[in-house]
Amino acid sequence: MRDYAELWENAPSGQLLLDDDGLVTAVNTTFTSWTGHTADALLGTPFPQLLPIGDRVLYTTHSLPQLVVTGRIAEASVQVNGADGRRHPALLSATRVPAGPHGAETRVVLVDAQQRRRYEEELLAARRRAEESRARIAEAEAELTALVHHDSLTGLLNRPGLLHALHGRLGEAHTDRADGAVPTVFFLDLDGFKTVNDDLGHASGDELLQVVARRVRCASRASADVARLAGDEFVVLDDVTPSTAGSVADRLLQVLAEPVVLQGVEVVVAASIGVCSAEVPVPADEAPQVADLVLRRADTAMYRAKAQGSGRWEAHRPGSTDPGSARLVLLEQLRAGLRDGELRVHYQPRMHLASGTISGVEALVRWQHPTRGLLQPAEFIDAAEESGVIRDLGAWVLTEAVEQAVRWDARSGPSGLQVAVNLSARQLADPDLVTRVAGVLARAGLPSSRLVLEITETALMSDPDGALTTLQQLRALGVLLAVDDFGTGYSSFTYLKQFPVDELKIDRSFVTGMTTDAGDRAIVASCVHLAHAMGLVAVAEGVESPGERDALLALGCDQAQGYFFSRPVPADAVPVPGGVVGV
Numbered sequence: 002m003r004d005y006a007e008l009w010e011n012a013p014s015g016q017l018l019l020d021d022d023g024l025v026t027a028v029n030t031t032f033t034s035w036t037g038h039t040a041d042a043l044l045g046t047p048f049p050q051l052l053p054i055g056d057r058v059l060y061t062t063h064s065l066p067q068l069v070v071t072g073r074i075a076e077a078s079v080q081v082n083g084a085d086g087r088r089h090p091a092l093l094s095a096t097r098v099p100a101g102p103h104g105a106e107t108r109v110v111l112v113d114a115q116q117r118r119r120y121e122e123e124l125l126a127a128r129r130r131a132e133e134s135r136a137r138i139a140e141a142e143a144e145l146t147a148l149v150h151h152d153s154l155t156g157l158l159n160r161p162g163l164l165h166a167l168h169g170r171l172g173e174a175h176t177d178r179a180d181g182a183v184p185t186v187f188f189l190d191l192d193g194f195k196t197v198n199d200d201l202g203h204a205s206g207d208e209l210l211q212v213v214a215r216r217v218r219c220a221s222r223a224s225a226d227v228a229r230l231a232g233d234e235f236v237v238l239d240d241v242t243p244s245t246a247g248s249v250a251d252r253l254l255q256v257l258a259e260p261v262v263l264q265g266v267e268v269v270v271a272a273s274i275g276v277c278s279a280e281v282p283v284p285a286d287e288a289p290q291v292a293d294l295v296l297r298r299a300d301t302a303m304y305r306a307k308a309q310g311s312g313r314w315e316a317h318r319p320g321s322t323d324p325g326s327a328r329l330v331l332l333e334q335l336r337a338g339l340r341d342g343e344l345r346v347h348y349q350p351r352m353h354l355a356s357g358t359i360s361g362v363e364a365l366v367r368w369q370h371p372t373r374g375l376l377q378p379a380e381f382i383d384a385a386e387e388s389g390v391i392r393d394l395g396a397w398v399l400t401e402a403v404e405q406a407v408r409w410d411a412r413s414g415p416s417g418l419q420v421a422v423n424l425s426a427r428q429l430a431d432p433d434l435v436t437r438v439a440g441v442l443a444r445a446g447l448p449s450s451r452l453v454l455e456i457t458e459t460a461l462m463s464d465p466d467g468a469l470t471t472l473q474q475l476r477a478l479g480v481l482l483a484v485d486d487f488g489t490g491y492s493s494f495t496y497l498k499q500f501p502v503d504e505l506k507i508d509r510s511f512v513t514g515m516t517t518d519a520g521d522r523a524i525v526a527s528c529v530h531l532a533h534a535m536g537l538v539a540v541a542e543g544v545e546s547p548g549e550r551d552a553l554l555a556l557g558c559d560q561a562q563g564y565f566f567s568r569p570v571p572a573d574a575v576p577v578p579g580g581v582v583g584v
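For what it's worth, this note's numbering labels the leading residue of the sequence shown as 2, then goes sequentially.
Don't take each hint at face value.
Restraint-style ranges between C-beta atoms, simulated for each label pair [as the list claims (entries may be wrong)]: (1) E343 x E140: 43 to 51 Å; (2) P501 x T61: 57 to 65 Å; (3) A131 x G414: 14 to 22 Å; (4) E76 x W9: 28 to 36 Å; (5) P501 x G417: 16 to 24 Å.
Calculated directly from the structure, the hints in this document are not laboratory data.
Note that the structure is predicted; figures quoted are calculated from it, not measured.
Quick reminder that beta carbons are idealized off the backbone N, C-alpha and C, glycines included.
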């Protein structure tokens, strides 16, 4: 009863209790403060006397009979006489209470009309701000969706755009086509492109890529999707029959063999092509894996063609395998290297762009191979991921990075330095991941907010519902989460808004070209805008020049990393926190 009395006394609206004769038996502090009347003066006063004559007549002739008949009075606009003679606009409502301490009672509620209008205006303003925020996010999403699916140099699809197109074709019922046409990938790689770049410069190399793009587009049917994946790699995706795939490849080789004039020099650059057809239809949940497999098989076939000489094509041979024996040897050596202490972790600093000070490091694994020297991740991570070794390797990197952060604190004092560790798709799907992360942090004694886990868009979208559950559990530990290589995957923005992430890391492929290419700069600007619209930190990867740093700073990007600041270095070479790097 005490809690109820306190709530009634301090309610945001003025409240009075009337007995069966309409006399005031109780009044709360809100009403007395608002009108200036004292509680003692009001007790025993007929309620209608608190209203001006016009409202008094309205109350006694209209509202009071309604109260007697229905037991309540709907909201009505009245004025209330204040102690100083002023009139206070109010909204009146009343309810009949059959059994109160004075017998039947009437509860009268009076809301300050001016205050009510202020509340409504604030509510409308808040609603407008929310709608504007949603509109900004939707605008950024639409802009990114348009930009990230196309290569800025050639205007062709890029890898995300190609994968999107391939997923769609894989899900269609091609088995119903009378001609037997199926989605087929033609993987093109230019022969001699590096020589053009080295002899004539990157501008001529870019011009050649644009010429190749136009020729490939013109040589392909209107139904085809044409993409530039990276460097001098192109892909044509079309529905063709097995009997006509060869003629398509021959036509592409023919148009690419024609000379190109660059800086007054006639250049001949041929190509090698690998061909792979898909088996359709494919269930939607299997499309990403099948798409990767088809591209990989076409790539392998292209290298077989290149090995036979320039200007050739090869088709994927059913039943053939990639050079698996070498991969098996590599995996056995990797398992032994993990057991024998051959793995190393190097750390690349991440910088606050505004201050130029170090904010954290990204942990990057290296392999000190006994005969091949120091190996980069690109030389062994794919094999580790496909085989499952990545789980043991990832657990070792996580433990080493967390313990190293504690060693830095012991050496130089608490730094607040964050350490970022990459998670693969297999690690994200590991049911023991959250328990492992919690255990590593607890044993090392590192605050969870010092650990950043980076997950690529592709890993998140391989199982978005499962990823969401895992990320929520990691967030509950206090760990920070980042979407890595943002802009290169095929993430759903609906899911992205649901993922409890803290950072978006903008892929280096966009950062590298942003000072010379308006398209790349627009993509980076959109990524920064989207990150900030969602309340996330924008981090740029692959910064290699002062111009790129300055451009990112002008766009409002928060943090960055790259060779301009520092290459990945061993733990004892990491700059002291608070030091300025790359200025």
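Do the hints match the structure? See the list:
1. E343 x E140: 43 to 51 Å: Holds: the Cβ-Cβ distance is about 50 Å, inside 43 to 51 Å.
2. P501 x T61: 57 to 65 Å: 59 Å, holds
3. A131 x G414: 14 to 22 Å: For A131 and G414 the Cβ distance comes to about 44 Å; the hint is violated.
4. E76 x W9: 28 to 36 Å: 19 Å, violated
5. P501 x G417: 16 to 24 Å: 22 Å, holds
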